[in-house]
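Q: Sequence:
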Amino acid sequence: MAHGTEHYDFSLSAGGSALLVVDLQRGFCDRALAEELGFPASDHYWQRLDGTVLPNAAKLVESAQSAGIEVIYTVIEALTKDGRDRSLDHKRSDFLIPRGSPGGKVMPALAPRGDE
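All letters in the sequence shown, in the order written, are residues 99 to 214 by our numbering.
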């Protein structure tokens, strides 16, 4: 059997599983805001994001929420307004999303509910 093709039988339980939503925030996923922030992306990126990624992510989030599975969100934000705490990569690319700014908010279609 080739490496990586093994199947593992396992089950998921609402109390022992979580859905992790990574960086699906306005600074990367809202085209107008992303362009305003200088986020470089191709038309293919936006087509794939709008046509596949966000709709499927919304289905996953809704399914998890309905099943009582915890949804955990991560976003990229600087902890300081001027971004002095950013990674070297973000500094070199002049990429800054300050804490609490619109670019750091999760996309509305995936919005956290309650205490998520």
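If you are wondering where the hints come from, they were derived from the structure by calculation, not from laboratory data. Incorrect hints may appear among the rest.
Each computed DSBU-like pair below joins lysine-lysine, with the alpha-carbon atoms no more than 30 Å apart [to be verified]: (1) K189 - K179; (2) K157 - K179; (3) K203 - K157; (4) K189 - K203.
Q: Decide, hint by hint, whether the structure agrees.
A: For each hint, the structure was consulted:
no.	hint	verdict
1	K189 - K179	holds, 13 Å
2	K157 - K179	violated, 34 Å
3	K203 - K157	holds, 19 Å
4	K189 - K203	holds, 21 Å
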